[in-house]
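A.B. asks: Now for the letters of each chain:
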Amino acid sequence: MNIVVCIKQVPYPKDVKLDPKTHTLIREGVESIINPFDMYAIEEGLRLKERYGGKVTVLTMGPPQAEEALREALSYGVDDAILLSDKAFAGADTLATSYTLAMGIRKIGDVDIILCGKQTIDSDTAQVGPGLAIRLNIPYVTYVRKIVHLNSKKIRVERIMDDGYETIDLNLPALFTVVKEINEPRVPSLRHKLRASKTRIPIYSAKDIGADIKRLGLNGSATRVINVFKPQRKRKLEWIEGSVEEQVEKLLDRLRTHKIIG
Amino acid sequence: MDYFLTEEQIMIKDLARQVAEERILPVRAKLDEEETFPWELMKDLAQADLFGICIPEEYGGLGGGCFEYCLAIEELARVCIGVTTTYAASGLGAYPILLFGSEEQKQKYLPEIASGKRLGAFAITEANAGSDAGSILTTAAPDGDHYVLNGTKQWITNGGEAEIYTVIAITDRKKGARGASAFIVEKGDPGFSFGKKEKKMGIRSSATREVIFDECRIPKERLIRREGMGFVIAMKVFDISRPGIGALAVGLAQGALDLAVTYAKERVQFGKPIISFQAIQHMLADMATNIEAARALVYAAAKFVDSKPKDASKESAMAKMFSSDMAMKVTTDAVQILGGYGYMRDYPAEKMMRDAKILQIYEGTNQIQRNIIGQALNREYKVRRK
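Chains A and B, in that order, are what the protein sequence lines are.
Heads up, the first sequence is in our numbering, so the first residue is 345 and it goes up one at a time.
Heads up, the second sequence is in our numbering, so the first residue is 41 and it goes up one at a time.
Honestly, the hints are just simulated from the structure, not real lab data.
One or more hints might be untrue.
[As the list claims (entries may be wrong)] PhoX-like cross-link-like pairs, simulated, lysine-lysine; straight-line CA separation at most 25 angstroms:
#1 Lys-369(B) to Lys-350(B)
#2 Lys-490(A) to Lys-240(B)
#3 Lys-305(B) to Lys-354(B)
#4 Lys-215(B) to Lys-358(A)
#5 Lys-558(A) to Lys-393(A)
#6 Lys-146(B) to Lys-343(B)
#7 Lys-358(A) to Lys-451(A)
#8 Lys-542(A) to Lys-369(B)
#9 Lys-350(B) to Lys-305(B)
#10 Lys-451(A) to Lys-399(A)
#11 Lys-369(B) to Lys-399(A)
#12 Lys-227(B) to Lys-215(B)
#13 Lys-343(B) to Lys-524(A)
#14 Lys-354(B) to Lys-422(B)
#15 Lys-393(A) to Lys-157(B)
#16 Lys-393(A) to Lys-431(A)
#17 Lys-146(B) to Lys-276(B)
#18 Lys-498(A) to Lys-399(A)
#19 Lys-558(A) to Lys-578(A)
#20 Lys-350(B) to Lys-358(A)
#21 Lys-157(B) to Lys-215(B)
#22 Lys-393(A) to Lys-369(B)
#23 Lys-574(A) to Lys-358(A)
#24 Lys-490(A) to Lys-393(A)
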């Protein structure tokens, strides 16, 4: 079983600050972590390997410092790590990112299962997983909470729905985005940490993965972030006083005035 | 203080801290309250490879020494010494095999302890043989290809939970201390069972239990080294394990200092955070200084042990004694700084103070440590006068 886990390095949520002028995330000097939902994808990859054998490769696109995230993934027992890094990748939206990752996975070769976190905590789109599957022309299931069983060709998974669960059979290769209910990630191991510190992580450029330069980074992006801003709070605070009956009457009045109730 | 650790030593420290903060911290109060054995945490420590730190690579370990082991113990102890005692006691069970075991014994038992698949334990104490270890009553008599053990050991850390026990028993009463021998007993051996589970003041998540030998038959190959070596083995084991108790004390005290400083910065009385008052500052200054002094001593003793000297009994006794007395004082002062809150179970300070007391008692009381140091001084100065 050849398993690839796609991860993203994101800023540590407690340290997140916006640049007051550009309104973009300040990433410099901020502690970075592996996107928390991707941790479940890494764990699931390792569990699949332990149950069915095979190899787990972790893949990310990012600046050179994203190598830290890959090393951390290695410390959990992942076999291999690959960094896709090139100035041409910068400014990518989900369209360009999923194209780049797809080219990276093509370069890896035969892949049976691709795992992603359900979404990142810095962009929150949940689009890259599905977009990647589309570009690779393979089936995918989002919000997977359990991988029930699998053999060399077929897999059965359960996905979380708003109102219940769905059990889906599909053919491999396939892509899954996972939710945190799927497992409890392990702690890193000393042996793997030592190995991770000595591993040379290959860095693939746009040329290495044979990517079309027009489809990369800002050039290949269908969207532009024009502005990031805090929503203005227009809430007004008003105390309703009096006896319980009076308060209820006043509240009903307000709700009717604002046409919240008829 | 920067101790100029190697990259690998920093890695050990970081990993132990991560496990302590992510896994132990959220459950330490519950484990203490419910007195439950931390099996889930033992699995995490095993997954993290922390059980293998000081076991050689050829037996499935990472090939570190007493120093690396102390670094891990210290970080874990910062969060909970109940859990850390359980962890360290497994290493204590492995040491007799590591130091004196045959190649077959090492091959068989060390990889299991290094991987954390099975926990170890060390059993010497009895109801009437504590500091006076020479008066133990448990016997081991040869019988064909076996030894038959009879007797009861008391207050055995990891008792009932561990699967591999190193047991000190008398093989020849006439020879006194030279008539004791060390054996490996496995959970499940015929005639081997567990008795009373103790209810303790502190380190409540650790298991402390009687272990009972009633016509317990074990194969002859379970004898460690040869008959009569029991006490030598026990003493040599304590020489290398006692810096670990020092590390437990340093970690615990550091945790108490972290708590006390954080609290003192937040707690406002007379319109100011209490850390701005000299009375509090001086207490914190003494706590921090004593912790650093103990840490330096523990690290030095551990490195001395790793240099494989002929005798490390004095240095390891110093590390154990000084650090555990320090931890008792520091945790008591932490409770004092937190005042009424410190005495309540809502804050971890009272647990730290309850936990600290055992460090002055187990692995040789601090009075015994002073005996060891005193006797060593007596020997040293005799030699010099010649």
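A.B. asks: Run every hint past the structure and note whether it holds.
C.D. replies: A quick look at each hint next to the structure:
no., hint, in the structure
1, Lys-369(B) to Lys-350(B), "violated (33 angstroms)"
2, Lys-490(A) to Lys-240(B), "violated (42 angstroms)"
3, Lys-305(B) to Lys-354(B), "violated (40 angstroms)"
4, Lys-215(B) to Lys-358(A), "violated (66 angstroms)"
5, Lys-558(A) to Lys-393(A), "violated (37 angstroms)"
6, Lys-146(B) to Lys-343(B), "holds (24 angstroms)"
7, Lys-358(A) to Lys-451(A), "violated (36 angstroms)"
8, Lys-542(A) to Lys-369(B), "violated (43 angstroms)"
9, Lys-350(B) to Lys-305(B), "violated (48 angstroms)"
10, Lys-451(A) to Lys-399(A), "holds (16 angstroms)"
11, Lys-369(B) to Lys-399(A), "violated (52 angstroms)"
12, Lys-227(B) to Lys-215(B), "violated (29 angstroms)"
13, Lys-343(B) to Lys-524(A), "violated (43 angstroms)"
14, Lys-354(B) to Lys-422(B), "holds (15 angstroms)"
15, Lys-393(A) to Lys-157(B), "holds (20 angstroms)"
16, Lys-393(A) to Lys-431(A), "violated (34 angstroms)"
17, Lys-146(B) to Lys-276(B), "holds (17 angstroms)"
18, Lys-498(A) to Lys-399(A), "holds (18 angstroms)"
19, Lys-558(A) to Lys-578(A), "violated (43 angstroms)"
20, Lys-350(B) to Lys-358(A), "violated (52 angstroms)"
21, Lys-157(B) to Lys-215(B), "violated (38 angstroms)"
22, Lys-393(A) to Lys-369(B), "violated (50 angstroms)"
23, Lys-574(A) to Lys-358(A), "holds (17 angstroms)"
24, Lys-490(A) to Lys-393(A), "holds (15 angstroms)"
The structure does not agree with the numbered hints 1, 2, 3, 4, 5, 7, 8, 9, 11, 12, 13, 16, 19, 20, 21 and 22 stated previously, though it agrees with the rest.
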